[in-house]
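S.K.: Going left to right, the sequence shown walks through residues 0 to 211 as numbering that gives the first Met the number 0 numbers them.
Simulated from the structure, these hints should not be mistaken for laboratory data. In this text, a Cβ means the ideal position worked out from N, Cα and C, and glycines have one as well. It cannot be assumed that every hint is accurate.
[As the list claims (entries may be wrong)] Here are the computed distance ranges between Cβ atoms for each label pair:
(1) Ala138 <-> Lys26: 43 to 53 angstroms
(2) Ile65 <-> Lys174: 11 to 21 angstroms
(3) Lys69 <-> Ala107: 55 to 65 angstroms
(4) Asp49 <-> Phe179: 49 to 59 angstroms
(5) Pro79 <-> Lys156: 52 to 62 angstroms
(6) Leu189 <-> Asn148: 16 to 26 angstroms
(7) Leu37 <-> Leu108: 17 to 27 angstroms
(8) Phe177 <-> Ala155: 31 to 41 angstroms
(9) Leu89 <-> Asn195: 38 to 48 angstroms
(10) Glu27 <-> Thr97: 55 to 65 angstroms
(11) Asn46 <-> Gln111: 17 to 27 angstroms
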Amino acid sequence: MKKVFNLQFIIVLFLLTNNVIIAQIKKENLKIGISYGLGGQSRFPFNSKDYSHDVTFYKAIINYKILEKKHWNYELSIEPGYNIVEHQLLNKYFIKPTDGDDYLEKQALYTQKRTIKEYVLNLGFIARYHIFKTFSGYAIGSIGPMISNKSTERLAKGYAFSDIFGLGLSYNMGKVQFDFRYSVRHTSNLQFKKPNNGHNTTNIEFLVLYKL
0 MKKVFNLQFI
10 IVLFLLTNNV
20 IIAQIKKENL
30 KIGISYGLGG
40 QSRFPFNSKD
50 YSHDVTFYKA
60 IINYKILEKK
70 HWNYELSIEP
80 GYNIVEHQLL
90 NKYFIKPTDG
100 DDYLEKQALY
110 TQKRTIKEYV
120 LNLGFIARYH
130 IFKTFSGYAI
140 GSIGPMISNK
150 STERLAKGYA
160 FSDIFGLGLS
170 YNMGKVQFDF
180 RYSVRHTSNL
190 QFKKPNNGHN
200 TTNIEFLVLY
210 KL
């Protein structure tokens, strides 16, 4: 587990260092924007019958092109976000007597629908392929810290990590870019606290960006 943590720390440090460097480079490579998305664990490839977990999220987007080669662009992305999660334990026996003397209280608490707020900062890398001059497809991978204000039976409240892999399509209209993105997301806290079973969601997202 230490190796996983060290790898995530190195990747985050690398992305932060690069974003400091690119701040001194070309302004025309910079895009800013906003996004809105919906997700849930009941969508393919996830579908646990133990719980429901649906998320609505809003993000600010800072995107910077670091390299361009023929049809390919490589970009860095900073995505601070605010998530509203509706969570409910559906299988109360997920919490067992071995989980402590208060397991009955936990069952009663978590089987009620709970609204959770998450504050996230994802740092990502994008590989983009230009199909036409105004139309492109891309893959994005990102990780980052997250803070939640409530616990669930699967994840302790407070500090955790948000890991995302997504595929997207972009259409450019002058300086404005419209995106549609499909992604999967995993949250966990690397065993800093228990429980740490984590949450998975499949998401769709709509983005609008403006090129400076």
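S.K.: Please write out, lowest number first, the hints stated earlier that are contradicted by the structure.
M.R.: 1, 4, 5, 9
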